[in-house]
Structure formats: structure tokens, C-alpha cells
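*Asks:* The primary structure of each chain is shown beneath.
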Amino acid sequence: MAKIIKAKINGILLRVEEGTTILEAAKRVQIKIPTLCKHPDLPPSASCGICIVKNRGSHKMLRSCCTPLDEGMDIVTHDPEIVEIRRTVIELILSNHPNDCLKCARNNQCELQELTADFGIKEESFPQFLRDLPIDTSTRAVDLDPKKCILCGRCVHVCQELQDVWALSFLERGMKTRISPAGDIQLADSPCVKCGQCSAHCPTGAFVEQDHTAQAWKGLQDPDKYCVVQIAPAVRVSIGEAFGYTGKNFTKKLYALLRRLGFHAVFDTSFAADVTIMEEASEFEERLLHGNRPLPLITSCCPSWVDFMEKFYPDMIEHFSSCKSPHEILGVLSKTYYAEKNKIDPSKIFMVSIMPCTSKKYEITRNDEMSASGFQDIDAVLCTRELVRMIKQAGIDFDSLPDEECDSILGEYAGAGVIFGSTGGVMEAALRTAHYFVTGRELKNVKFESVRGLKGVKETEIEIDGKKLRIAIAHGLGNVEYILNKVRDAKLNNKEMPYHFIEVMACPGGCVGGGGQPYMVTDELRIKRAQALYEDDDQKQVRCSHQNPYIKRIYKEFLGKPLSEKSEKLLHTNYKARPVYVK
Amino acid sequence: MYTKVILVKDTDLKREDKTREFYTRLLDYLREASLHEQIQVVRVADIGVYEQGLVVKVLPDKVTYINVQDEDVKKIVDAALSDGKIIEDLVFKPKAKQCRIVLRNCGKIDPESIEDYISSGGYLALKKVLGELGQQKLIDEIKISGIRGRGGAGYPTWMKWNFAREMNSAEKFVICNADEGDPGAYMDRSVLEGDPHSVIEGLIIAAFAIGASKGYFYIRAEYPLAVERIQKAIKQAYDYGLLGNNILGSPFNLDIDIRLGAGAFVCGEETALISSIEGKRGTPHPRPPYPSVKGLWGKPTVINNVETLANIPVIIAKGGKWFAQIGTQTSKGTKVFAVTGKVKNSGLVEIAMGATLREIVMDICGGTLSGKPIKAVQTGGPSGGVIPENLLDTPVDYENLQKLGSIMGSGGMIVMDEDDCMVDIPKFYLGFCVEESCGKCAPCRIGGFQMLGYLKKISEGRGIPEDLGQLRRIAQSMQKASLCGLGQTASNPVLSTLKYFEDEYNEHILNKRCPAGKCSSLITYSIIEDKCKRCGICFTNCPVKAISGGKEEGYSVIQDKCIKCGRCFDVCKFKAINKK
Amino acid sequence: MNKLSPADLDKMSKAPVDKPKDWIKVGLSSCGIAAGAEDVFNFFVEEVKKRNLQIEIKKCGCTGMCYAEPLVEVSVEGLPSVIYGAVNKEVATKILEKHVISKMLVNDYIFEVSI
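Residue numbers (the working numbering), protein chains in the order written: chain A, 1 to 583; chain B, 1 to 580; chain C, 1 to 115.
The following block holds chain A by itself, in its conformation from the complex (with noise of 0.2 Å):
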């Protein structure tokens, strides 16, 4: 049991368990300390300098996001001083930073830009300053604007700590400290992964998505073109929150709503995640009972988890499942298999996917089977921050929109396809799937509790006919280490393996907490979202991948069967190391 503490803030007694921090304390008396590099996700870097408060007593000024409330304290949250320091600070900070917050991917949902219209600052009191710094655009996944940053620290936290890339950290000090890649070199050539965990936790518009809404608009105009568009399960439950709405679905919606921005036809990824399940199910059945290649396997739908294992584990290789990603399946099925049954020129069809990712951009180009189809299978990549932008700017009523049903052949999913954007879910789904194909039997419940939730790893066991599986699932890249270390060390000293089947996601719960997704996101959040997409599946008549009727027709008239040469050559993909460094 903790120590509880008893103390005050603002003259209300309160009590809390030892270590509570003064912001935390005051929230729980209704009392918000503003600050601008504290983020809920993260442990305080203590840097802004806004969130000062006094301690009746002391001359001194406390930093209320990373001193823990003390017995007896008597903490003044806000008083004239305190807010004309709080005032200068900021002010301060605005003398550092271009204030061009109409030219700003951010404006309206900027951090600083919120807390400089709530003081009320309406002038620049310090003279400009800012250092002549080019924008580096070079990842195509997202761009970083030094100029733009306040040095909260936030994103440097989340990709040393959280996602244990260390493509960035601090350089130089004083003025001169910046945001940047070791060695000064470009993102694109540093070991970023693209996750964007950077820009989905920015205050500013440091560090923000690549913007492709230029190039959908542009698409969606041309009238040579067949525009088609998918959208990710993990977009449907966070959509809302841009107009309000938390935790809740709205893939129907999202359907009505892309019509009305101009697509001729619209897809949804959870189809092709249930093609991703008939795909990896297969492997791990052939790896599982004819043993042609070495257990774990490892999933690979995640791009930036891809990158990270062919930098930092390219002796995993082996171990990775070699289906593509969802979206880059319903891609070449697109310009493949849609065009045919429809009879339309695969050149003309513009493919946009809607994700919660921003590294579903790098993974467009990634290598040449991205345009399996004979041409690049996916034109353009928006995350969901962008489709709000584009809602918006078609004048689109969201909350009173319609509900619609997608296009069939590509959309239809089952239950198991659409809880791929949670950690876990494509664990859940492939077990679903594989459990079939390895006994010929149904499940009776398909729900797998022990796979769900935001633990950072989770490690369970399944029986399946009696075979006990060994199964791992990280999500946050921070969490792979202490997986992949043991299937190494395994693989060393010629032990048993530790595992059957490993899945991971680099961002921090799965796709629901993709770096493409809605700003300001705590674990609170993610587990909404993801309790949606659970909610979705629960209501689904089919459940499992390959009780989808739309995919075994798809097998029946176009794949064949899974790993068939064609769903090789069309849905496969490999994997090479790739240097941590470029050059």
C-alpha cells in the first residue's frame, strides 16, 4: 500500500498516494496547470518551465509536472506572479518560433498556439529570433521543421525510450540546440523507422505528416482516373474525435463520406487483413506441421516494424512472414483482381489508403513488389489527420452523413479483419484461422482475451489439439527487445525455441495508437478505440477470415489457394538488411 499524502493546493484538502505529482494532484481537484511539454503518454522532461506553482513558504517556484505533492504542502497554483511568469515564458518561447501559424500544419490544434490565445498574448513582446534551418521532407513518411520546435523533448523521449529507434536527440546547446538525427544527417538516411510516434506527440508542427492531400485532390479531379480508396480498421474508431466523439465507430459513415469526396468505388483494408490471415495462417500451419521453414514466425503488417527489423534484427529475416500488408494487398488486388471482374484499365484505377500510420507512406515506395499489380499499387497514403483536413475543406456535415455500405468485392470483412488495428488483433485473427486449418475444426469461441490489452508484452499460451503454442505480442518497438533477445539467444545455443508465433506493431497499441491518428492520444484513448474495433467484431455474423464469403470467393476465382504461385507473386514480399546508418 502506498503512503497516502495529505496536503493542499488552491486551500482544498486533498489526499493522494505518495509520489503523485503536483499536476496530477491538481487535476483530481479540478484544477488544470497548463504546460506544454508535459504529455500524459510520457514521464516529465521538465523543460517548458509553465507549469510552475508555489509552495506557500518558499521563495522558490516548483515545477508541478515532476515534483511529487508533499505532506503538508499548501501549493498555490495560480496567482499574479505566477501567471505573468507563466506569461513571460511563454512569450519567450514565441520569440523562438516563426508564429506563422497560418502557414502551419498545426494552426487549431497547436499546443502553444492554444496556450498563447488563453493568456491572451496578442503582441510579440521579445525581439524575433529564429535560425536560418532547412525543413528535412527526406523520410516521404514525416517531415520535421527545426524551426518549428520549442525543445519540449517529447519526441526525443518517445523514439530513444518508447520506441528504442534513437533516430533522434538533441544537438548542439544553448540557442543553438536543435532536434535532429546523431551526426546531423538526414531522417532518411538516420535509423527512423517512420513510425511518426514523433508528430503524434509534437506540441507544434515540428514534426508532421508528409501532406499527400494535394495529391488526392489532384486524383480525385482528374477525370482519367478510376479513384478508389480503403480505409484502415484503426481510422474508423478515432475519426471522431475530430468532431467530437470518443470510442466510437464509424465505418459506414467513412464509407458515405469517402463517396462524397469523389471515389468511384470504396474499399476497406479489414477485407484484405482477412487475405493477410488466409496468407499467414498457411505459413504458420506449413512452418507449424511441415516444418519447411523455422518457427517463430512473425508477423509483418506493420511497416515501421518491418524497417526496424531490417535495420536492427535482419537475422529475423527468416522468421517473417512474407504476406504484405493489408493495405498493400488490397492495392494489387485493386489494379489486379477488381479490374478484371470490372473491366477497367488498371493504369487508370488512383488508389488512396486512409491509415492511421504515417509509415504506410514510406512503405509505398519500399521496394519494387509494392508494384506487384505492374504498377505502383497504392498512389497515395493519408492518415487520418489529413482525411479530417480534406473533410473539412469539402464542406462535408460529418455528424449528419448517412450510413453506407462499401463496395463489394473488396470490402466485405469478417470480425477477425477489422481487430488487426489493436494489439493483438492479428494474433486473435490468424489463431482464429489457423486453429481451423491446422485441426479442420471451428472454434467454439473465438475470443482470445489473453492476446488483448496494453501490456507491453504479452505472453500466453494456446492449445490447439493439444499442442500447446508458445505466443508473444509487443507493441511500442521499446517492447521487442526483450522478445527478440530470447528467440536469439535461442537460435544461438541451438535451445527451444521460446516461441511459436510473435506478433508486433511499433506504435504503442497497435494501429489504434498509429502515429497518424488524432493528437493528444493517452492510454485512456487507445483503449477506447480499441474497444470499438472489439465491438465491431462482436457484432459480426462471421468472425473468422476464412468464413468470409468474399474471400473464399476471391480464392476461388482469382488466388487459387493460400501461398499459390499467385498469391505469391501478388501478396508476398521479401525482406533484406538495411544499414542502421546510411553510409
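Hints in this document: simulated from the structure, not taken from any laboratory.
This structure is a prediction, so every number in the text was calculated from the model and none was measured.
Where hints are given, some of them may not hold.
Below 27 Å or equal to it, Euclidean Cα-Cα: the simulated DSS-like pairs (lysine-lysine) are [as the list claims (entries may be wrong)]:
no., chain 1, residue 1, chain 2, residue 2
1, C, LYS3, B, LYS128
2, A, LYS176, B, LYS280
3, B, LYS457, A, LYS147
4, C, LYS14, B, LYS4
5, A, LYS122, B, LYS457
6, B, LYS232, C, LYS98
7, C, LYS98, B, LYS108
8, B, LYS62, C, LYS98
9, B, LYS499, B, LYS545
10, A, LYS3, B, LYS232
11, B, LYS108, C, LYS3
12, B, LYS344, B, LYS575
13, B, LYS232, C, LYS58
14, B, LYS137, C, LYS103
15, B, LYS456, A, LYS176
16, C, LYS58, B, LYS235
17, A, LYS583, B, LYS280
Please arrange chains B and C on chain A, whose structure you already have, making use of the hints.
*Replies:* Frame of chain A; chains B and C shown alone:
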């Protein structure tokens, strides 16, 4: 063989040196009296007393007579030859004396010889700690001594130790902070170079106090000699079994390593120093948790400054009570200052806490080099403040200096005379902090930069009265909202000069004049025709050819070209250059 | 080397190493070295050897009188030990010839500061 030596020195700066004259007089007298084979007379370069007229000192009696007149010669010789007779009305009674605890061995022993250190009583304190005292009594003794951290903040040393001792952890660390970085401060370097074993002994005792088995010296890489001497000393200590396993036959084990700092000023801050040792970027972290709870590698860690540690063996050897007698109510013991600037005897001075600034600067260091009056004294380096001449009688201790808007700091003391500009001085210090800010926290990083901008503006004659308000506003936010000591104190030089020398700021702002003649933008040089002898030396020396004319028609300064370097002013032998 | 026991330590500190009667100490800390103390030290070592003088040349740290570096402390039997400041080879020669050999203090270079 001589029985006595009489040293002679005229100490009045204001008059022509009379040393030689008196020396001859004394010699003549001795010859006449046929005493010249008993007494040797020697002219000295410095006699340790200043502005007291002609001074003589008799050796080996060490009796000093001041304001000696020609007619005193006989009296002095008689007294010198007598047995212990002293001329009461001439004898000098020093007001201020150095009190050497930290510097006890510096300049006395060979720093590269552990035998020298041991033969002057070294490592006996360690023996006492290991053999008799034990942890509790050791910490009690340190508590009784009242010693506070000499790194600047003045936190009671025993409390640091006690927190760390009470932590239940298998691993604990001690670190000697030798990342001395204040401009003009080099006390720690001198101790490390001159008496490395005293610091090592202090560190071993600290480790024993908290139960640490690993210690580090964090020394800045710019101190190669200090590093070399500490390295040698550590090796000697290992050889003698004073480090390693079973120190002096006891069950206590300690290993010590050296870590080099890359010279970032902020790494002197405890949490940044820890980051640096861990191989991370040297930026401060929020406290709590304090290092004594969660420090290096997350383990309880005590970080003590060099000077603090050098005090420890003496405290143990002579007792906490003895130490507590020295100093003031709140600040015990001594403090070493590195006195520099416009002072005659720049160097290290160790005084008992409570000595006044005036005693340090005037009596021990001999006043200003130029003979011009002192304008102010700056203590505490870039985190300190400027103390004006009229407050120099303040006794030095942690609280008093803070009350004056300065701090004790690590012990830098810079003496300024009327040629120092009170806008230029804070500009220098602030410039240092802006350069050295780690860049992590906004108030320090941007606040310091903006304040520096205002100071530059004022010193260049572009200031407006509102700038002073802006300076104060930013300074307040830096003090209150910065994360670490660097940011919290970086504005002290500005605030203290604003407090004591606001007039001088206003001179710059309102009258576009720098009273000290320091701010080059506000100075003009011109040639005073009446005094000019047309020698042309200014013409030939001007680096930018800003002086026109010739030997016939005379010379003048082309103001547009002049870069205000002052070269003409310096080279003119006829004082014909006007600077205003 | 033998590890010391507490008793060894006592012995070492009570029975100091044989101190030679006459010695010259040169301050060899950074401030001294910067002012040329290393040259002075080497000069003394060479000259003492050359002239076959019975005096030991030792190193020490900085006494704090940085304004007067290089500092040399000289202790010769029969004379009070004194500190010479701003010592260069010329002064060092005087110290050897006058102070050490002729047992006379050298004029104008002594810094008699009570520490």
C-alpha cells in the same frame, strides 16, 4: 654567519618607491655600527602588507614594522638584536589572516608523493574513521562541524551523506565533482594539483559514510595536470591498500575511477553530471528525486565538491567541534577564493568564513593593481552578483552574500575598479551562461539569450528606458521557472548591477555614454591639437588607417573608419588622444 | 608494494622520511608551469648536478600566490626559508650562487607573504 635578517619594502603605491633609499640607509647604519655581519638586509618584492608606508620585517622573529621612518633605523636594529623586544608603536597587527585548512598542504608537499602526504598526517583521518568512528559517529562528527557544500549551494554535507546512508541499496556511489567551470575560478584545480591525496582521502571517507563501494572523480578534461596527479595518487593509494579491497585491513572496499568532463559548464550541476557519467547528454533533470536517493545508474549517490572533500580529513583529525569554532553562526570553516581582476595580488586566498570582502581584497590581496579605487567585487562567477564598494565590509558567508544579491558560489572573486563598466560586466557573465546553457529549458535558453540582446543593445547605445523593465521581467521568469541552478542564477549579475548601478545603465540609455569608457560603441577618440607633437605614432599604429593627416598639417581621427580599438590612445606618449 | 596496516600508517606518519637539510621547492602546478616553472625546475636540477651542490630539488603544488609565479621556496641551513617569486633562469642562478652557496638572501625577488 648572520643571526637576523631584515626585509625591506616600501608599500605605498602613491609615491615613488623608497625601498632602495631605506635599504641603503639601513646598510650604512649597520656598517657604521659594525653590525653588518650580524644582520643581513634584503629588499623584497612583496612583504605581505600594503599601503602602510615603509615596511620592514625581521626574520626569523617574523615581526613586521609599518610606516617606518628614517629615524627608526636604530630602534629597529636594536630590537632585532635584542631577545624578543618589540617596538610597540610600529609593530603591525594584521587584521585579516589567511586560515589554511583546504590549502594546508598546497605548496608544501610534493603532490606526486603519497609518502609526503602521509608524513604530514595524511590518511590518519581515514584510519580513525575505519578503526574507531564507524558510520554513525562519522556523520555525527560532520554534523557537529557544520560544514556545508563548497560547490556553491551550501547544502549541509552531513545531510547529503545521511540521506544516502539511510537508503537501502546494495549499490551506492560517491562522486567528487571536479568540474570547476566558473570563469576565473581555479581553487579546485589547485587543490587537485597541489594536494590530490587530501581529496581522495575525503572521498574514501564519504564512501565509507554512506556505504558506497564505487567512487568517481568527475574532472574536466581541460585540467590535464589535475587528472594526471589524481591518476598517480589513486594508483599510489591502491598500492598502499588505501583503495581496493580491505582498506587498511578493514572490511571496507572501494574502487575509484576517473571520468573526464568535456567542459560543459552545466555538467557541474549534480544531475547533469550524473547524466554525463552515464554517457548521456549532460542536461539537468528534475529534482526530486535527489541524487542521494536516486543518482548514478538510479542508485543513491553523494556528490561532493573538491573543496568540501579536502576539508573532511581535517575535520575528522581535529574534530567537528574544532572546525565549528571557525567561521560564522551559519557558515563554518574556511572558504578558498580565487581572487582575480584588477587586484594587485591575484591568486588563491583561504579565509575563515566571516572575514570581510574588504579584508580579502585590501589587506590580503593588496587592493587594486592600478591604485584606482575599487568599484565593486563580483563573487560566485556567472551565477553571482556584483557587490558595490560601500558594502565590502560585509562578512563573507552563504547568507550574507545571498542577501546582497550574489552568492558564495564556488569561490571566484573578481575585483573591479572604475574602468569596469557595469553594463559590460553582466554582459560578459550572461554571455557565458547563454553559451553554456544546455538548451533544455525554455526560460534559461531563450530568456538568457533575450536578456543578452537587451544588454548588447544598451551597451551599443540603442537602449531605451523600457529595456530595463524587460530585463527585470525576463530575469524574474528565469529565476523562478528555470530547472537548474544555471538558469535560476544566470540573471544575478544583471539584477545586482541593476540594483546597485542603475545610474550607469541610465547613462548608457539616456546620455549614450559609458562612464567607464568600456563600451566601444559609446566611445570616441579624438586628437587634442594642443598636446599633439605630430610624432605620427598613432598614424602608423592605427590598424584600420582611421587617422589621417601628416607631420606638417597634424593628425585627426576619421570617426567613420575608427573601430575604437584604443591603439592610438595606448601608444601616444603625450596623452594627446582624447577618449570619451 | 605492501598494503598498509593501521600500524604501518602510524609509523610512516610519525617517523617522517629523512628530510634533507637543504632543499629547493619549485611550484609545479598549472599556474607555475604556465609561467615557466618547468624550465626553472629543470635548470635547478641540471645546475645542482653540474656544480655538485648538496641540495635537493623538489616539486610542490601552488601556494596560491599566482601573481608571482614561478615560485621557488628555498631552505638552507642557517637562513630563514623564503619564497622567491617571478623566478627565471637568471634569478635561479642568483639563488644558487648567492643564497645556496654564499648563504645570502637574494634582493628584490622575495615574496614574504604570511600564509
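*Asks:* Against this structure, judge whether each hint is valid.
*Replies:* Quick rundown of the hints versus the structure:
Proximity of C:LYS3 to B:LYS128 is assessed by CA-CA distance (about 17 Å); at most 27 Å being required, the pair is judged to hold. Our distance criterion of 27 Å between C-alpha atoms is met by A:LYS176 and B:LYS280, whose separation comes to about 18 Å. Straight-line distance between C-alpha atoms of B:LYS457 and A:LYS147 comes to about 25 Å, which keeps the hinted pair within the 27 Å bound. With a CA separation close to 32 Å, the supplied pair C:LYS14 and B:LYS4 exceeds the 27 Å bound.
Restraint check: the Cα-Cα separation between A:LYS122 and B:LYS457 comes to about 24 Å, which is no more than 27 Å; the hinted pair holds. Annotation: proposed proximity of B:LYS232 to C:LYS98 is violated, straight-line Cα distance about 36 Å (limit 27 Å). Between C:LYS98 and B:LYS108 the CA atoms are separated by roughly 23 Å; this keeps the pair inside 27 Å, and the hint holds. For the hint pairing B:LYS62 with C:LYS98, the CA-to-CA distance comes to about 22 Å; that is within 27 Å, so the pair holds.
Taking the CA atoms of B:LYS499 and B:LYS545, the gap is about 41 Å. The hint is violated against a cut of 27 Å. Straight-line distance between C-alpha atoms of A:LYS3 and B:LYS232 comes to about 49 Å, which puts the hinted pair past the 27 Å bound. Taking the CA atoms of B:LYS108 and C:LYS3, the gap is about 26 Å. The hint holds against a cut of 27 Å. Using a Cα cut-off of 27 Å, the hinted pair B:LYS344 and B:LYS575 holds, with the two alpha carbons roughly 25 Å apart.
Pair hint B:LYS232 plus C:LYS58 holds up; C-alpha atoms about 17 Å apart against a cutoff of 27 Å. At roughly 52 Å between alpha-carbon atoms, B:LYS137 and C:LYS103 are farther apart than 27 Å, so this suggested pair is violated. Restraint check for B:LYS456 and A:LYS176: satisfied, since their Cα atoms lie roughly 19 Å apart, inside the 27 Å limit. This hinted pair checks out: C:LYS58 and B:LYS235 have alpha carbons roughly 21 Å apart, not beyond 27 Å.
At most 27 Å may separate the alpha-carbon atoms for a hinted pair to count; A:LYS583 and B:LYS280 meet this at roughly 24 Å.
In summary, the structure is inconsistent with hints 4, 6, 9, 10, 14 from the numbered list given earlier, while agreeing with the others.
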